[in-house]
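K.L.:
Going down the list, the protein sequences come from chains A and B. Under numbering that gives the first Met the number 0, the first residue of the first sequence carries the number 0, and numbering increases by one thereafter. Under numbering that gives the first Met the number 0, the first residue of the second sequence carries the number 0, and numbering increases by one thereafter.
You may find that some hints are simply not true.
Calculated pairs, PhoX-like style, for lysine-lysine (alpha carbon to alpha carbon, straight line, at most 25 Å) [unchecked claim]:
{"hint": "1", "chain 1": "A", "residue 1": "Lys152", "chain 2": "A", "residue 2": "Lys95"}
{"hint": "2", "chain 1": "A", "residue 1": "Lys95", "chain 2": "A", "residue 2": "Lys107"}
{"hint": "3", "chain 1": "B", "residue 1": "Lys125", "chain 2": "A", "residue 2": "Lys215"}
{"hint": "4", "chain 1": "B", "residue 1": "Lys125", "chain 2": "A", "residue 2": "Lys224"}
{"hint": "5", "chain 1": "B", "residue 1": "Lys125", "chain 2": "A", "residue 2": "Lys95"}
{"hint": "6", "chain 1": "A", "residue 1": "Lys230", "chain 2": "A", "residue 2": "Lys135"}
{"hint": "7", "chain 1": "A", "residue 1": "Lys135", "chain 2": "A", "residue 2": "Lys152"}
{"hint": "8", "chain 1": "A", "residue 1": "Lys224", "chain 2": "A", "residue 2": "Lys152"}
{"hint": "9", "chain 1": "A", "residue 1": "Lys224", "chain 2": "B", "residue 2": "Lys143"}
{"hint": "10", "chain 1": "A", "residue 1": "Lys152", "chain 2": "A", "residue 2": "Lys230"}
{"hint": "11", "chain 1": "A", "residue 1": "Lys230", "chain 2": "A", "residue 2": "Lys95"}
{"hint": "12", "chain 1": "B", "residue 1": "Lys10", "chain 2": "B", "residue 2": "Lys125"}
{"hint": "13", "chain 1": "A", "residue 1": "Lys215", "chain 2": "B", "residue 2": "Lys10"}
{"hint": "14", "chain 1": "A", "residue 1": "Lys215", "chain 2": "A", "residue 2": "Lys107"}
{"hint": "15", "chain 1": "A", "residue 1": "Lys107", "chain 2": "A", "residue 2": "Lys135"}
Cβ pair distances, simulated, as ranges [what the hints assert, rightly or not]:
{"hint": "16", "chain 1": "B", "residue 1": "Gln130", "chain 2": "A", "residue 2": "Glu151", "range": "31 to 41 Å"}
{"hint": "17", "chain 1": "A", "residue 1": "Glu216", "chain 2": "B", "residue 2": "Thr39", "range": "30 to 40 Å"}
{"hint": "18", "chain 1": "B", "residue 1": "Met92", "chain 2": "A", "residue 2": "Arg206", "range": "42 to 52 Å"}
{"hint": "19", "chain 1": "B", "residue 1": "Gln130", "chain 2": "A", "residue 2": "Leu45", "range": "49 to 59 Å"}
{"hint": "20", "chain 1": "A", "residue 1": "Gly218", "chain 2": "B", "residue 2": "Arg154", "range": "50 to 60 Å"}
{"hint": "21", "chain 1": "B", "residue 1": "Met92", "chain 2": "A", "residue 2": "Gly218", "range": "33 to 43 Å"}
{"hint": "22", "chain 1": "A", "residue 1": "Gly218", "chain 2": "B", "residue 2": "Leu28", "range": "25 to 35 Å"}
{"hint": "23", "chain 1": "A", "residue 1": "Ser182", "chain 2": "B", "residue 2": "Met92", "range": "32 to 42 Å"}
Since the hints were made in silico from the structure, they are not lab data. Every residue, glycine too, gets a C-beta built ideally from N, C-alpha and C.
In case you want the letters, here they are:
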Amino acid sequence: MAHLLAGGGGGRGKQQATTTGGGSSGAKGDHGGHQIGVSSASREGLRYPSNGKTIYHRPLNRSKTAELSQASFAYLFSEMVSYAQRRVTGIQDLEKRLNLQGHPIGLKLLDLLLIREPARNQTRPLNIISLLHFIKINVWQHLFGRQADRLEKSLNLETPDDYMIYDNEPLVNAYISVPREMSHLNCAAYVAGIIEGVCDGGGFPARVTAHTVGGKEEGEMWPGKTVFLVKFQAEVLEREALIGKG
Amino acid sequence: MTVFALIIINKAGGLVYNRSFSDGGLNKLSTNDYLVLAGTFHGVHAITTRLNPVKTPPTAPAPVPGMLTRPEPPSGLEVLESENFRLQCFNTMTGTKFLLFTDTTQANVDVTMRRVYEMYSDYVMKNPFYQLEMPIRCDMFDRKLSSYIREINNR
């Protein structure tokens, strides 16, 4: 989950880092934590640690110890959903907003995860299958500490080019019960946004949506089972067909 | 060894959750009666709290000099026992009350209570669609609670 949060606050955090980096940054570093506390309190924006080391000072490759508390993520995500819920016109609008919150994270995640790969396979995925495998394995492993449960190609003849990624119990939905009147909502739209960001960043523009497929009955094994439906744009499929021929 | 029912009362004395787990044991009341029960219990609890306002503070000095010690808050009514059932009340820091109706022979009710409170804080308080102090309608909470209580009742 590490990057998820880091990416979320990315925009503002970066500004802060650049303001402290320029000019008087050395002088500030020599002062005690108290003084820094005062100077940052008088300014707008994020607070930063008293030793001046923000998340941007950490090496990109440190990934082993980057686990975060699920409870704090659950509270944060709960607030993100409540925030997205303000002034929305409907469920689709809400899902769209969650999707938009995830999208920039996906864009950044693609770069980060590729840089963490061993040098010989630091190339971005070049066809649909390797892209989806990258998402199923690397992205999922990084965000949720395990792989996605299944990857499928649509069997429906009308939509032969849709791909499905299955997650039996999405981590973002771990504590969320959707009220009955909003039964079509799936808050994993946020994760769909991340996937969409990865696809867009890799040069495979796509639309990704999240749908609940778990049964509602008592004794259901995976009541929160979610499918991420990946619909690539026509030009991606056209290119894929050309590559396949060559 | 059975857990009969769970009632959750919000800090204003309103009934926010009411669930019975086994068919026998307790008689069914009408919804209105449950609301009255919740309100009455809330009132009685408040009065019993006033009976013994402050627990005598421990004689040991404060671990750090200058640190303020606060006496334990009065607990009020905790257990109510009848011939056929035992009612255990757990009052959280925020004033929400959990009432667990069990068999008189049920052991480790405080462990069960703790787990129920944990589930409440996970599946109710972390749910973005739950409005504070309102009746609890969370599928996930219902599901986890019934599987946990079923496990206890079948033991």
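K.L.:
Would you mind marking each hint as holding or not holding in the structure?
P.N.:
Each hint, compared with the structure:
| no. | hint | verdict |
| --- | --- | --- |
| 1 | A:Lys152 with A:Lys95 | 24 Å, holds |
| 2 | A:Lys95 with A:Lys107 | 19 Å, holds |
| 3 | B:Lys125 with A:Lys215 | 21 Å, holds |
| 4 | B:Lys125 with A:Lys224 | 19 Å, holds |
| 5 | B:Lys125 with A:Lys95 | 22 Å, holds |
| 6 | A:Lys230 with A:Lys135 | 16 Å, holds |
| 7 | A:Lys135 with A:Lys152 | 13 Å, holds |
| 8 | A:Lys224 with A:Lys152 | 17 Å, holds |
| 9 | A:Lys224 with B:Lys143 | 16 Å, holds |
| 10 | A:Lys152 with A:Lys230 | 11 Å, holds |
| 11 | A:Lys230 with A:Lys95 | 15 Å, holds |
| 12 | B:Lys10 with B:Lys125 | 18 Å, holds |
| 13 | A:Lys215 with B:Lys10 | 32 Å, violated |
| 14 | A:Lys215 with A:Lys107 | 36 Å, violated |
| 15 | A:Lys107 with A:Lys135 | 17 Å, holds |
| 16 | B:Gln130 with A:Glu151: 31 to 41 Å | 38 Å, holds |
| 17 | A:Glu216 with B:Thr39: 30 to 40 Å | 37 Å, holds |
| 18 | B:Met92 with A:Arg206: 42 to 52 Å | 46 Å, holds |
| 19 | B:Gln130 with A:Leu45: 49 to 59 Å | 30 Å, violated |
| 20 | A:Gly218 with B:Arg154: 50 to 60 Å | 19 Å, violated |
| 21 | B:Met92 with A:Gly218: 33 to 43 Å | 35 Å, holds |
| 22 | A:Gly218 with B:Leu28: 25 to 35 Å | 29 Å, holds |
| 23 | A:Ser182 with B:Met92: 32 to 42 Å | 34 Å, holds |
Violated hints, listed in ascending order, are 13, 14, 19 and 20; each of the other numbered hints is respected by the structure.
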